[in-house]
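S.K.: Listed here are the chains, written in short residue letters.
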Amino acid sequence: MSENNLKVKVWRGREQGEFVEYLVPRNSNQTVLDVVTYIQRKLDPTLSYRFACRVGMCGSCAMTVNGVARWTCRTRVAKIDEGDSLEIAPLNNLPVIKDLATDMREFFNKWKGAVGFFKGEQTRYDDFAKIKPESEARQLANAGIECIGCAVCYASCDVVASRSDYLGPAALNRAWTLTNDVRDVQQLDRLRAVAGDAGCHTCHTLGSCTERCPKQLSPTAGISGLKKLVAIAAVRGSKWGKL
Amino acid sequence: MSATAIRSPAIRTAVLQAKLWYAQRISAMVLGLCVAIHLLIMFYAIRGGLTAGEILGRTQGNWFFAIFYEVFVLACFVHAPIGIANILRENFPGSSKVAILPWLLACLILVLGTTAVIGVFTGGVGI
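Residue numbers (the numbering used here), protein chains in the order written: chain A, 1 to 243; chain B, 1001 to 1127.
Chain B extracted, bound-state conformation (with noise of 0.2 Å):
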């Protein structure tokens, strides 16, 4: 291979979306177990009835949920927003104005989902 054909702009963002499709992939296995595991701890949880302070009871202080909850939100993070890129290059073709609303998502998904983190684990202190 040509050091010419490597520089080329049209095979760089190839591999970059050889890459992002790697990420999707991995972050979609993660994505897959931890709703899984989500949705069985959700089962067992609300066997005797749904309220804040038992959620609370559970998630404040504790370690555990903390971080399989940000992993969780991380994987979010990197799985959504190339899911939204890829459905934006295809529908709307050419166009760099939406371009920007990934990054926002990403952003969002970020800064939202790991407030929720802090706020089950401290219970809402200081938040």
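In isolation and in its complexed conformation, chain A is listed as follows (with noise of 0.2 Å):
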């Protein structure tokens, strides 16, 4: 326990508002979702945020800390603090509802965009899809599926500042481990949807959505992963038929 205060800096209001200080008690192992549950337990109850799991499984409490967006709950305070400060503000890219809690509307919206979500033609009386684990296709979907949705990604994209309609590298990687879900049915959608401007083609390679992502993914692999796979569809063809 140290006798030390933090001084955090809170953003608050809205699309307009302002960094408003607190003095939080510093702990030992205290994490960033701790130092705003104080703040909104202890100091302000007016103040909104956004958690629900604690332990890096929900994708909710990501937030933008010294100007980099992180998940909250798994991050340390000791980690990341500037001497004694912390600046803790929503998450960029995305309209602020109020205080630290953003609207996500169209970070999932766009997961719709790019056919982010499955499709089978099997029902519950049709005996278990046989995927072998070590197959090139399981092992490329393995590598995404670890996604929580947490937007860190997102709000770290230059791209999607720079262009709204740009579907992001969570869409894109969701889309990217569907493709490689051999009990889909419905690729060719899914290339079309992701293909060209506001899709994997827009992006620009800088790697911020991999250097970010708190579990280690690589969007950016993904990504590229689906440039290939859409272009040679629409110049050769793919498995599924020509786009």
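Hints are not guaranteed to be accurate.
Stated by the list, open to error - Derived DSBU-like pairs (lysine-lysine); straight-line CA-CA distance at most 30 Å:
no., chain 1, residue 1, chain 2, residue 2
1, A, Lys42, A, Lys79
2, B, Lys1097, A, Lys112
3, A, Lys132, A, Lys79
4, A, Lys132, A, Lys9
5, A, Lys242, B, Lys1019
6, A, Lys239, A, Lys79
7, A, Lys79, A, Lys9
8, A, Lys242, A, Lys119
9, B, Lys1019, A, Lys239
10, A, Lys132, A, Lys112
11, A, Lys7, A, Lys112
12, A, Lys98, A, Lys79
13, A, Lys228, B, Lys1019
14, B, Lys1019, A, Lys119
15, A, Lys215, A, Lys98
Keep in mind that the hints were calculated from the coordinates and are not lab data.
Starting from two chains that each stand alone, build the complex the way the hints lay out.
M.R.: Structural data, given as structure tokens:
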């Protein structure tokens, strides 16, 4: 237990607002989410923020901490504080509802826009699909499947910042994962959805999504895979047909 | 996939962009090879100084150089305008006036590049 206090600047307001400073006692192993929760419970109950699981599974608690998008429940203050201060803001590239809570609708609508959902053709009466874990497609799907939808990648993407219609790294990572799911039956729809200007070909391969992803996924690699797959499907045709 | 979706202009544009991306990647591979060969030849060629006569002596009537540099020009002709079009589309979204610029660039590269290739092949005779 340290006697020091942490000076925490927290964004208050919506798109227009200001940083308000709070003094929070420092604890060892304290996470950024602990800090925000302390402020809301002990100092200012009107502070709005979002969290659920507190163990890095639900993807609810991402915020901009000291200028960088992070999952706050698994980010320890000791690892990122600058002296004795911390600046906490809502995620970039998403409309602010209030304080630290952002409107995630557009983010998830883009998953839908990228056909980022599974559709099979078998029913509960069919036998289980047999997928070899060591098959290449399954390995590629595994590489991106642990996405928790926290939007850290989306908030870190400079292309999303400059082009609001860009599907973004999370939706494209999901689309790439599903293109490697051999049970899915909407592959051509998906390739068409992610092709072109608002899709994978807009990615500049800056790599911020991959650098910031708290699950250590690589949307950059997935988008690169989509670029090749879509282009080959457009020029020569894919195993699912030509675009 | 329904026929309606296939006819959708947005999807047609997206598929065209995918094809252009493919063309740009293939032309980049050709350019990578051409630039490497070109640099190696230059390093070799300038050992004893660089004169127009020496260059023309090597390239005049040489079909290998003519074909090599025309492939180089064609790769530039494909690669550069697609890149410029992407940059313009991102920086001037919705502006149709700038759409002509990549086409102009493509024509310039093809005409000036091919003229240069013919020039070094013929030694300037007849141009």
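S.K.: Of the numbered hints stated previously, which ones are contradicted by the structure, given in increasing order?
M.R.: 2, 3, 4, 6 and 11
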